[in-house]
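There are 2 protein chains.
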Amino acid sequence: VKIGMSSDGIGTKIEIAERLRIYDTLGRDLIAMTADDLAANGMETVNKTNILDVDRLDPDTVDALMRGLQEAAAEANIVITGGEIAELGERIGGYGKGMHFNWCAAGIGILPEGLEAVDGRDIRAGDSVIALKSRGFRSNGFSLLRRVMEKGVGKAWHREKYDERSWGEVLLTPSLIYSPLIASLRRSGHVLKGIAHITGGGIAGNLARVLKNSGSGAELTDVHAPLPFMREVQRLGGIPETRAYRLWNMGNGMLIIAEKEAAEDIAAAAGEKGYAARICGRIRAGGGILLQSRGEDAQEIEYSPDNGA
Amino acid sequence: VKIGMSSDGIGTKIEIAERLRIYDTLGRDLIAMTADDLAANGMETVNKTNILDVDRLDPDTVDALMRGLQEAAAEANIVITGGEIAELGERIGGYGKGMHFNWCAAGIGILPEGLEAVDGRDIRAGDSVIALKSRGFRSNGFSLLRRVMEKGVGKAWHREKYDERSWGEVLLTPSLIYSPLIASLRRSGHVLKGIAHITGGGIAGNLARVLKNSGSGAELTDVHAPLPFMREVQRLGGIPETRAYRLWNMGNGMLIIAEKEAAEDIAAAAGEKGYAARICGRIRAGGGILLQSRGEDAQEIEYSPDNGA
Numbered sequence: 048v049k050i051g052m053s054s055d056g057i058g059t060k061i062e063i064a065e066r067l068r069i070y071d072t073l074g075r076d077l078i079a080m081t082a083d084d085l086a087a088n089g090m091e092t093v094n095k096t097n098i099l100d101v102d103r104l105d106p107d108t109v110d111a112l113m114r115g116l117q118e119a120a121a122e123a124n125i126v127i128t129g130g131e132i133a134e135l136g137e138r139i140g141g142y143g144k145g146m147h148f149n150w151c152a153a154g155i156g157i158l159p160e161g162l163e164a165v166d167g168r169d170i171r172a173g174d175s176v177i178a179l180k181s182r183g184f185r186s187n188g189f190s191l192l193r194r195v196m197e198k199g200v201g202k203a204w205h206r207e208k209y210d211e212r213s214w215g216e217v218l219l220t221p222s223l224i225y226s227p228l229i230a231s232l233r234r235s236g237h238v239l240k241g242i243a244h245i246t247g248g249g250i251a252g253n254l255a256r257v258l259k260n261s262g263s264g265a266e267l268t269d270v271h272a273p274l275p276f277m278r279e280v281q282r283l284g285g286i287p288e289t290r291a292y293r294l295w296n297m298g299n300g301m302l303i304i305a306e307k308e309a310a311e312d313i314a315a316a317a318g319e320k321g322y323a324a325r326i327c328g329r330i331r332a333g334g335g336i337l338l339q340s341r342g343e344d345a346q347e348i349e350y351s352p353d354n355g356a
Numbered sequence: 048v049k050i051g052m053s054s055d056g057i058g059t060k061i062e063i064a065e066r067l068r069i070y071d072t073l074g075r076d077l078i079a080m081t082a083d084d085l086a087a088n089g090m091e092t093v094n095k096t097n098i099l100d101v102d103r104l105d106p107d108t109v110d111a112l113m114r115g116l117q118e119a120a121a122e123a124n125i126v127i128t129g130g131e132i133a134e135l136g137e138r139i140g141g142y143g144k145g146m147h148f149n150w151c152a153a154g155i156g157i158l159p160e161g162l163e164a165v166d167g168r169d170i171r172a173g174d175s176v177i178a179l180k181s182r183g184f185r186s187n188g189f190s191l192l193r194r195v196m197e198k199g200v201g202k203a204w205h206r207e208k209y210d211e212r213s214w215g216e217v218l219l220t221p222s223l224i225y226s227p228l229i230a231s232l233r234r235s236g237h238v239l240k241g242i243a244h245i246t247g248g249g250i251a252g253n254l255a256r257v258l259k260n261s262g263s264g265a266e267l268t269d270v271h272a273p274l275p276f277m278r279e280v281q282r283l284g285g286i287p288e289t290r291a292y293r294l295w296n297m298g299n300g301m302l303i304i305a306e307k308e309a310a311e312d313i314a315a316a317a318g319e320k321g322y323a324a325r326i327c328g329r330i331r332a333g334g335g336i337l338l339q340s341r342g343e344d345a346q347e348i349e350y351s352p353d354n355g356a
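Going down the list, the protein sequences come from chains A and B.
Every number in the working numbering is 47 more than the matching position in the first sequence, counting from 1.
Every number in the working numbering is 47 more than the matching position in the second sequence, counting from 1.
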């Protein structure tokens, strides 16, 4: 049995939950961050443990956090086998009153029997790249987000309306968890040659890592457009296109690389499972990534093989 | 292959490192906390990942932390396979200037081929209990420790001399890692029926959990004496014996239960590996734990089966 391990936290997205006093969605982000990293290697997360650092324990807040975590874990077929809560007093800070906390998790992934790890080594020029749409900022780039919102909207930005929702609710949008889709695709025989989980580093940074094993590059001419609120944040902060695409997922939470002939089927199978998927580009010989961006200042961005990350 | 997982942090012991600006010993505590939990189940830690939450990154401090972690991991035959550093700004607090941080880890353990999990189910009246000595407070009970020191010695208590060392150095004493000893004992054929890693909950709280599967109890009449500085802390804080033995290890970091006939050999084998071990008591029928304590107010403490933990 091949096993893997992944650990991650949800960073400063927690502040949004503290601002809104909504605690039952963060579990989804925590599951997504670690399970989708393992999924990108073709591993299925079986066990997960979490560590919650709090200043002073508030049972109701902890209940809400754990309820959200259990729900998300159940949907993703993951068993939460362990957990630690550490009461750390002044070592933990946060927004306003209420319990402050930092939250991270580690997961064990296994390679399902008969399936190989996904390591990008079979990627070839001509393969297709499929983009899975994201719902929001997932759990990366929140330090910049919070600065933009405070400067652009004001100190109590989370309460201001964006549409029918407040800005706080928009930014708290829970992460879509891709790992069950990846497992289902692979178990039903689809061959995924490479998978990039789009976290810090953005589309190019994370894809570059996947392309390294094959020495190839990519042309992404048709990625998902950023969600409207992402463009609004970009506009509010005057964030240059290249920076936005380096720090945020800009509407694309995961990329899958597959043979050209298989790509339509994979995108269709993802669609049937409720994931918006589109063929967004192709693999090219030679390194580097060309990205047709779709933010406020849409442009062709060329990442050289050296600074792709 | 049976796999297990354990996650834990080192809590507020970090403040001692921040006070002294000594950062290369905490890795040993981090390894001990998780690897010794797995060892108590008979698992050998193979992989470990760590998550370091910092306020603002200081490369020198991170280097020292990671150097200590790698050293300790190497000694314990553990590979550090993953790590995350999250820069969380105001969400992290700590003592004085310098980088503040919280640190946790998760480990994967495997059951070595041909060996069973250690679950306490074969424990019988008449078995012996072997105590492994600890060097210091390991990584539990530091909130109370810090309160005692501040009240009893003063705000800058870490700089005051205890013996040739400062109080800070004494309390920072790195944890002894027991997992390599447990692995070596089991691999050389010694049968360990139950293992208690003495963390929060103390001797009785942690032993009670191990005894649950067999419904038995224990009489511990000859545990290791607390280290002299532990008694001094107890005296400074006026900490009652029962409380000291519930929050601190009081000189006993791990208990091993084995057949009476095997106990001498096990203790001798541990001694040869450099671990101070003594037969400290025996298993009795019926629940409950009798502990002859050896702190400032030495006494017989009787824990009922219900409130052992």
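A couple of the hints might just be wrong.
[Unchecked claim] Where chain A lies over chain B, by a calculated footprint (3+ residues, C-beta under 8 Å):
id, segment
1, 51 to 63
2, 86 to 100
3, 128 to 139
4, 151 to 159
[Stated by the list, open to error] A few chain B residues that face chain A, going by a derived Cβ cut-off under 10 Å, partial list only:
id, residue
5, Gln117
6, Tyr142
7, Phe148
8, Asn260
These aren't lab readings, by the way, just hints derived from the structure by calculation.
As the structure is a computational prediction, the values presented were derived from the model and not from experiment.
Note that beta-carbon positions come from the ideal geometry of N, C-alpha and C, so glycine has one too.
Verification of the hints:
no., hint, result
1, 51 to 63, "holds (count 9)"
2, 86 to 100, "holds (count 5)"
3, 128 to 139, "holds (count 11)"
4, 151 to 159, "holds (count 3)"
5, Gln117, "17 Å, violated"
6, Tyr142, "9 Å, holds"
7, Phe148, "9 Å, holds"
8, Asn260, "18 Å, violated"
Of the numbered hints listed earlier, those contradicted by the structure are 5 and 8.
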